[in-house]
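J.: Make a model of the complete structure from these sequences and hints.
Residue numbers (this note's numbering), protein chains in the order written: chain A, 1 to 216; chain B, 1001 to 1220.
Calculated directly from the structure, the hints in this document are not laboratory data.
Cβ coordinates follow ideal geometry from the N, Cα and C atoms, glycine included.
Facing chain B, from chain A, some residues (calculated, C-beta under 8 Å): (1) S138; (2) W142; (3) W180; (4) D192; (5) I204; (6) R206.
Footprint (simulated), chain A over chain B, 3 or more residues, beta carbon under 8 Å: (7) 1058-1072; (8) 1101-1114; (9) 1128-1141.
Here are the simulated EDC-like pairs of lysine to aspartate or glutamate, each with C-alpha atoms no more than 20 Å apart in a straight line: (10) B/K1066 / A/D191; (11) B/K1195 / B/D1159; (12) B/K1195 / B/D1178; (13) B/K1066 / A/D176; (14) B/K1163 / B/E1131; (15) B/K1066 / A/E134; (16) B/K1066 / A/E178.
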Amino acid sequence: MNPIDPRLQEALDGERDPGELSADQREAYHRLMNAGALLATTPVGSVADRVMAEVRAHSLQVQHAGHTARAVRWLTRPRAVTFRLKPLWTLGVAAAGLAAILLLPGEPSRLLSPGAAEGVARFVGNFPGARSVEVVGSFNNWSRGSLHLEDENHDGIWHVTTVLPAGQHEYMFVIDGERWVADPLAGRYVDDGFGAGRQNSVLIVRRNTAADATPQ
Amino acid sequence: MKSALALCLACVVWSPSLSAQHGQHRLQGRVPEAARPAIDSIIATAVAESLPTEPLVQKALEGSEKGVPPDRLIGAVRRGLSQLREARIIVARAVPGQPVAAGHVAAVSAALARGLSPAIVERLLTVAPNEPPVPALHAAADLVAHGFDPDSATDLLVDAHNKGLHGDRLLDVASAADQELQRAGGRTHADALAKVRAMLPNVPSPATPVTHRGSSGTKL
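T.: Written as structure tokens, this is what we have:
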């Protein structure tokens, strides 16, 4: 601690006129007097008092806010949510997830649920380079645009699985919307009767069981 | 006078529903106008003769979608009518004393189109007169299409029926015969039929959904 100059000490004690001090000492004298005056001031309140005052003010604001504002504030305020799981439940949830992964269909046909007088039919064709492939037949009144095959991985194998009425159906593939071809895998064919030597594929859909466009 | 008016009114109310019942409304806007009167007439004839009209409507829709010229379209529908007439005669002969079911007539007509002879069709209908004929007829048509003797193939199917195989299981009999034929060892058609006959009624059935064995589609 630096010793204070005796003349400065005397001025602070009121025993000497500050005007007798040097310029540096006068500056130090005024700083010390201001600090003393500040310390002598009574604080407005403690830290705790000021915090509680803020809380009370906020509470008043909330009371005066409308129901909607309060609801919005309640909804948007982040909240901590705690789950308390027993280890047994955790294992059960994990087992259920695994079962779902294993049992859920990898094939769309398993998702289809034919009625008593229906069956599942799957159409497959290898048409590399095709832009579109669809099935047109007696089951859709020979109208285009209702049953498209898909080639998700672009390997040229187009396929679709659908539910059809049980019984016999005739059909053809339409490639790129203009070229009619018989299903090369159908195994059953019949002349289409229009005199151009073209054949329809024949499909027998088995009742409420999976059938195939080539059920050989 | 009142009764005549009532009759006219009934005709007006009845005609559209009759047309809808026979599927002619589905031809509207799809069948070329040039072919429409003739096709309507053919369907009306089928209605008058109590023949099923659905195969004719389907043939008209098919030809229209394929862009077949009107004259060939009309010809195909007319041949369809003739085939339905022939089919009804076969059904009536095979199951005498019973009303001829429209479904049986349509199935027989399709079997004739696939190349089965009337005699084979009639025999199969006689064996199981009260069963849906589609599986048996297509099983026979499958066997004939794969080169089996028609009479021998029919014998096999009749044996299968007598040993308790019905409906779609007859298609399994045809599949089994085809598989036997394809086995290595130069098996003849007769050998394949004998082999399947020996295993009756335990022919393999598709336990799981049948899927395509491969793909041999057209390379574009």
